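**Q** Chains A and B, in that order, give the protein sequences. Position 297, counted from 1, in the first sequence is what our numbering calls 297; the numbers after and before it change by one each time, with no gaps. One gets our numbering by counting positions in the second sequence from 1 and adding 1000 to each.
Hint data in this document are derived by calculation from the structure and do not stem from the laboratory. On a predicted model such as this, the values are computed, not experimentally measured, just so you know. Ideal placement from N, C-alpha and C gives every residue a C-beta, glycine not left out. Treat the hints with care, since some could be wrong.
Unchecked claim - Reference listing, derived: stretches of chain B covered by chain A, where coverage requires no fewer than 3 residues with Cβ under 8 Å from a Cβ of chain A:
#1 1158-1167
#2 1186-1196
As the list claims (entries may be wrong) - If we take Cβ atoms under 10 Å as the criterion, some of the chain B residues that face chain A in the derived model are:
#3 1021
#4 1022
#5 1029
#6 1057
#7 1061
#8 1089
#9 1109
#10 1115
#11 1138
#12 1153
#13 1213
#14 1223
#15 1224
Stated by the list, open to error - Label-pair restraints from in silico Cβ distances:
#16 B/1090 with A/290: 32 to 38 Å
#17 B/1203 with A/335: 47 to 53 Å
#18 A/85 with B/1119: 42 to 48 Å
#19 A/11 with B/1123: 30 to 36 Å
#20 A/310 with B/1200: 46 to 52 Å
#21 B/1119 with A/111: 38 to 44 Å
#22 B/1119 with A/332: 47 to 53 Å
#23 B/1030 with A/115: 38 to 44 Å
Residue-level listing of the chains:
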Amino acid sequence: MILARDVRGTLAIAAVGVLFMLIAPSVLELFTIINLTTAIALAVLALSLALVWGYGGILCFGQNAFFGIGAYAYTIAAINFGGSSWAILVAILVAVAFAVVIGYVMFYGRVSDVYLAVITLTVSLILYSLIRRTSGPDYKIGKSLLGGFNGITSPPINLPWDPSFVLFPEHVFYVAMGALVVAYLFTSWLTRTHFGRVCVSIRENELRAELLGYDVRLYKLGIFAVGAGVAGLAGVLFCNGVGRVTPDVFNLYNAALTIIWVIVGGRGTLIGPILGAFGLFYLTSALGTQSTVNNNLVLGIILVVFVLGVPKGVIPTLAGWMAARRTRRALRARERRMRLRRARGGGGRNDGAGAGAGPGGGGPAGAGRGAGAPE
Amino acid sequence: MRQGGEVVLETRGLSMHFGGVRAVDRVDFALYEHELRCLIGPNGAGKSTFFKCLTGQLRPSAGSVVIRDLHVTDREPFEVAALGVGIKTQVPNVFEGLAVEENIWLSARRWHPPARSRSLTAETLERLQLGDIRSSPVGRLAHGQRQWVELGMVVAAEPWLVLLDEPAAGMTHEETVRTAELIREINRTATLIVVEHDMQFIRMISHLVTVFHEGRILMEDTMEAISADPRAREVYLGHRG
């Protein structure tokens, strides 16, 4: 079964993640672990856009808005509550609620794809300007000052309902990696449910989904809101990894970066954008240590190269190659068998050319699903 | 003619204007239960615009569409479909990147619980002879096959009212014959409207034909009567020589 193979792949990836979570802290240095926590947070953000754009076909250019809202909501709530347990929940819920409000306006107003990208980006940039202007003692929510462009120091995560036991950075790493694995399993499960499959069908053909009787607006709003919740969780992890939250989470650089992770990793897969985020995070860190080439220039070149040369992204392209190799190998094996049979039987029939129409023509449905890039 | 049942779909004074063009002009139309009605007419006669008004894809400028005593004039397409109406558009609208099986399943699953959807999908694949290509992405199929996948989606939803816009367009003769058979089979359980160009195809399936001309209904009669009518010959059949 194709679906079963799909599930096996997902579980294998999750298992690798868990293994990495268990081994990494005993092998790597503390500094690397703290750095890794930030990278994981960004990977969760990439995962959220992989769901919304790659599966839902919604090009949200401001996915980092929900990420930033999650980070701010967590920090403000944790300061006010004096503990992180409820703050995490609040952060996710605030991000979802915000997405429901702007999503309702966009989807029920039947805003077209391009304008949707523009609106979401604009929302993020408005938040950026807004939060930057909140310096001074007048701007506060409860006990928490908003801090303008300096941002707010984020209280670290504590043990559930025990604010006196604050987690150390290496423990936060476990939380982050665990959250990534759970979020990955959750989103892969979601894409296999009826809801998820309808969302993919809307990406493929909105009118057809509508004519089958599906309320397209509601489904789009649904996946948009779920994606915002995952991005909100990413924000919580991010401000824990970095130790503070600043308005920069809302800026254009982060908005573009999120899109680039998904393009590089590949739309229509969940693991692709996760790996894209990790890869580019370490690439930019490495580039940050030198000064010969401008960091942004390299990112720009990567984007151009991928859009023109590898439009499907790394993972779908690799999957395509592997499928093609399997097909070729199967064909070659068949040809060999036929040649053998002919040599043995010595019959006059010569149908070697007929072998072309092999089983590969059908191809795995999974590849078809992965490759279906939204317009 | 199997008239005498109740009216299941009706339009009253239905008009659709695009700027100054009256694509559909005050059309009164009634469809009776169990009927299989064909809409014909030359290009630009307004059949497809009329069709889109019925399915909620276009919002008419004036007039009303009533399906089983329900006003659907300002409803969204999914609301019309939710009444149990199966719709096939002129240009095949399918999920190109998804497997044939998944296309059909998405239709069945809209109305049925998981187990029933699976069996209904299997039934439909067999009925439309799509079993061999069930796992191919629809985007890789030939035009005729894609039309069939779309018909499969319509059938899998088990609708009581079926609206088909040019179901045989781009099909080979053999495929057209099979499509005609399928449509007659659907007619056993559902009422149909079929918009079509192909005269031979219409002769295969239809009892009553409505001729559109310049946004209005020119006449409504059997195919034999229409073929013999000088007005119809002039606006439509005459063009074909």
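**Q** With a cut-off of 10 Å, does the beta carbon of residue 1115 of chain B approach a beta carbon of chain A closely enough for the hint to hold?
**A** violated, 13 Å
**Q** Starting from the range 46 to 52 Å, see whether the pair residue 310 of chain A and residue 1200 of chain B falls in it by beta-carbon distance.
**A** Since residue 310 of chain A and residue 1200 of chain B have Cβ atoms about 49 Å apart, the given range 46 to 52 Å holds.
**Q** Is the hinted range of 47 to 53 Å satisfied by the C-beta distance from residue 1119 of chain B to residue 332 of chain A?
**A** violated, 39 Å
**Q** Is 47 to 53 Å respected by the C-beta to C-beta distance linking residue 1203 of chain B and residue 335 of chain A?
**A** 49 Å Cβ-Cβ, so the 47 to 53 Å window holds.
**Q** At a threshold of 10 Å, is the proposed contact between residue 1224 of chain B and chain A supported by beta-carbon distances?
**A** violated, 34 Å
**Q** Is it true that the C-beta distance of residue 11 of chain A to residue 1123 of chain B lies inside 30 to 36 Å, as the hint says?
**A** holds, 32 Å
**Q** Would the hint on residue 1109 of chain B stand, with a C-beta cut-off of 10 Å toward chain A?
**A** OK, holds: residue 1109 of chain B within 10 Å of chain A, min 6 Å.
**Q** Does the closest beta carbon of chain A sit nearer than 10 Å to the beta carbon of residue 1138 of chain B?
**A** holds, 9 Å
**Q** Quick check on residue 1089 of chain B please, does its C-beta sit within 10 Å of some C-beta on chain A?
**A** For residue 1089 of chain B, the interface hint holds, since the closest Cβ of chain A sits about 7 Å away, which is under 10 Å.
**Q** Taking 8 Å as the Cβ threshold, is the statement that the segment 1186-1196 of chain B is covered by chain A upheld or broken by the three-residue rule?
**A** violated (count 0)
**Q** Please check whether residue 1057 of chain B passes as an interface residue: C-beta within 10 Å of a C-beta belonging to chain A.
**A** holds, 8 Å
**Q** Holds or violated: is there a CB of chain A closer than 10 Å to the CB of residue 1029 of chain B?
**A** Cβ of residue 1029 of chain B sits 21 Å from chain A, so the hint is violated.
Against the hints set out earlier in the document, violations occur for numbers 1, 2, 3, 4, 5, 7, 10, 13, 14, 15, 16, 22.
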